[in-house]
Amino acid sequence: MSISSCTCGQDVTETELMTRLEEVIKENKDKAGGLIPALQMAQIIFGYLPDMVVDRIAEGFNKTITEVAGVISFYSFFTRNPRGKYLVRVCLGTACYVRGGKEVLEAIKKRLEIDVGETTEDRQFSLEVGRCFGACGMAPVVMVNDETYQRVKPARINEFIAQFATDEELVLEGEEK
Amino acid sequence: MINITINSQAVQVPEDSTILQAARMINVQIPTMCHIEKRDPIGACRVCLVEVEGAKILQAACSTPVSEGMVIHTNSKKARMARRFVVELLLSEHDGNCQTCDRGSDCELRTLGEDMGISDLAFEGEKIKPHMDETTPALIRDSAKCIKCRRCVTVCNEVQGVGALYPQDRGFDVFIGPAFCRDLKDVACVQCGQCAAVCPVGAIAEKSSTPAIWDAIENPDICVVVQTAPAIRAALGEEFGYEPGTRVTGKMVAALRRLGFDSVFDTNFTADLTIMEEGTELLTRLKKALVDKEDVALPMFTSCSPGWINFAEFYFPQFLPNISTCKSPQQMFGAVAKSYYAEKIGVDPKNMIVVSVMPCTAKKFEAQRPEMNADGIQDVDYVLTTRELAKMIKEANLDFNSLPDEEMDAPLGLSSGAADIFANTGGVMEAALRTAYEIVTGRELPVENLHVAPITGLDGIKEASLVIEGTVDDWKFLEGVELKVAVSHGLGNTRRMLEYVKANGCPYHFVEVMTCPGGCIGGGGQPRFTDDSVRLKRIAGIYAEDEGKKLRKSHENPDVQKLYQDFLGAPLGEKSHHLLHTHYAPKSQTMSD
Ligand code: SF4
Ligand code: SF4
Ligand code: SF4
Ligand code: FES
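These protein sequence lines map, in sequence, to chains A and B.
Okay, so the first sequence: first residue is 134 according to the working numbering, each after it adds one.
Okay, so the second sequence: first residue is 699 according to the working numbering, each after it adds one.
Because the hints were derived from the structure by calculation, they are not lab data.
The structure displayed is predicted, hence computed values, not measured ones.
Ideal Cβ positions, reconstructed from N, Cα and C, are used throughout, including at glycine.
Just so you know, not all the hints are guaranteed correct.
As the list claims (entries may be wrong) - Cβ pair distances, simulated, as ranges: (1) A:ASP163 x B:VAL1165: 49 to 55 Å; (2) B:ASP913 x A:LYS164: 22 to 28 Å; (3) A:ASP163 x B:LYS986: 40 to 46 Å.
Claimed, not checked - Think about it this way: if two alpha-carbon atoms lie no more than 27 Å apart in a straight line, the pair counts; the simulated DSS-like pairs of lysine-lysine are: (4) A:LYS162 x B:LYS1200; (5) B:LYS827 x A:LYS242; (6) A:LYS235 x B:LYS825; (7) A:LYS243 x B:LYS846; (8) B:LYS1200 x A:LYS196; (9) A:LYS235 x B:LYS827; (10) B:LYS846 x A:LYS196; (11) B:LYS825 x A:LYS196.
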């Protein structure tokens, strides 16, 4: 998947975000080990770490882009992809796995046409996997943002997704299938 | 000093030594892989494991400091078996075929496996994810062969100060390469090839131009002209068993002729020409600054080294106006061959192919730069590294060692000793001073044997100054001026120097920059493996070549003088300007533009 930086045209917001990023850089750049906290803050501000942010942080910390990229890719909590409105996390802990978590994941992937770690083009959904949300009795479990959904059935994934889809097209498409 | 015992031998070693350093002092060999001389050990590969009495686990010799009373066994069965296991693991993950690999006898992994007597692997590991990066004109990277030793990372970050390579991802998926596993063309890599020079295996190498050159040689309608850089003659022999620094100029010429090149010429010739142009440019800039009080960019930086040009374009664009407008000797040669020489022998430049043999991978990049042509004709068509030339010689079944010594062809083959020393750090500066001083004062540069001692040797940043006295009429304005020069090699040193100049202003008039440690003799395309002892031997070979010449100064080269008389006119004249000079523009180093 190609990684696109923000082109949503919300210029004002973007300028604001960049100003906040500059503050974060200023606060952390002279601290020992300041890079990781700065990247975490940047991810909170932008939701992910796009090229532009990586460039700016590398410059601010006087490090090469490749080194900063090495740090980002080392830690799994950093993401280079924009997060959708709904973060869908499918549990693949042992209980969920044996009770169909894998099939649920496959069905969601197929329905949203994205892979794990990706976001739909309309920025509605991001897909990730998790390891045990503490609801093993109700496996397989899926979390959407902060809500837990239990006993999700692979065969009923279209309806499952449709309840979040505010985008009209997506709803229609979902119903059709 | 502290007392330790290595393999039952008692020794005294300095306190801050590592086990590896201590062992080397008494000629005890310990295999290494990730370790590079003069750099902090990273202890990544574990190929150097040894047994230390009293320690629970085996220790990495490269990163373990010695301590009083330490008893070390480098060759106990336990140590040998552990090292063997490490190498077996590397081999089991390694996805390469030695038969078809670019690395042959100089592959360190293969040699290590052979030395350890590993003939077949007890286990087949999960193979590394393959990825071929052929996106740059200079280099190819084959990640399947990478053993993750990180030598390239150390060199690119610490020695070259570029930082285009760094470990990405983690665990088994670790990928040594550019940001987010992209390709080299997507990051600010200067194409110096120092990573390829230190890689122990076939994971980074130059992109080969050999097939196209064989085709051109076979084609009877094409005139194929070859030029060889000064640094080749003191290194090519290493590929045929000679000691580093052995000069093989005559055999090299003989080999090139037998390979079928129509004319065998010398980049040295255009090194002499460069001195004429660049020396005049420096004096002109000084005149503008001192007499006409014009705002002119000083210091002037040399422009021969294409990795340095890339580096300045990416990282120090504010200094681009300071870089001499002279094309490098390689490019000047192409431009002169396809105009002056083509005209002389009545060949249409479209039917002429210029091949260079260079110690350098960045020269491959330089040759295809859009700036490097005159009237739409590309100056240089193909570039071979020293290593590639050696391969061609082997492919053609030439017995290099028994070849006679032959002379370069005329009229682009004659050169002065000043041209030879373009090969090593300090050489371009010395060559320029030999000529400029004599032009300005009418007297020979007053230093022993024409060598400017403070700028020779392997120190990273070197300085010299020279008070100009007894000037001739044209250059009276330089009377009493203290000319200050500096020399840097290795881009890490260059970065340090430029940061200093940025912060404190510039104390220099003229600065020589060479991309590679030691200069071209330590280039990314030279025979492997190059360490400081090899660098010093090659430099000694080059100085010997210089001292052995009748002509020691570029302006005395009669064939260069004739080129000016018959064709170019004067240095910095209109024709020179058109053929021999160019300009550069800033390049972005970020990902988002
Ligand atoms: S890198 Fe070395 S071990 Fe690997 S295929 Fe090439 S020669 Fe063989
Ligand atoms: S060619 Fe030079 S700059 Fe590019 S990756 Fe290799 S060492 Fe770094
Ligand atoms: S590319 Fe070569 S030098 Fe770099 S980590 Fe891999 S094996 Fe080592
Ligand atoms: S050489 Fe010692 S750990 Fe690599």
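Quick rundown of the hints versus the structure:
no.	hint	verdict
1	A:ASP163 x B:VAL1165: 49 to 55 Å	44 Å, violated
2	B:ASP913 x A:LYS164: 22 to 28 Å	58 Å, violated
3	A:ASP163 x B:LYS986: 40 to 46 Å	42 Å, holds
4	A:LYS162 x B:LYS1200	21 Å, holds
5	B:LYS827 x A:LYS242	24 Å, holds
6	A:LYS235 x B:LYS825	26 Å, holds
7	A:LYS243 x B:LYS846	36 Å, violated
8	B:LYS1200 x A:LYS196	18 Å, holds
9	A:LYS235 x B:LYS827	24 Å, holds
10	B:LYS846 x A:LYS196	22 Å, holds
11	B:LYS825 x A:LYS196	32 Å, violated
Of the hints listed earlier, those the structure fails to meet are numbers 1, 2, 7 and 11, in rising order.
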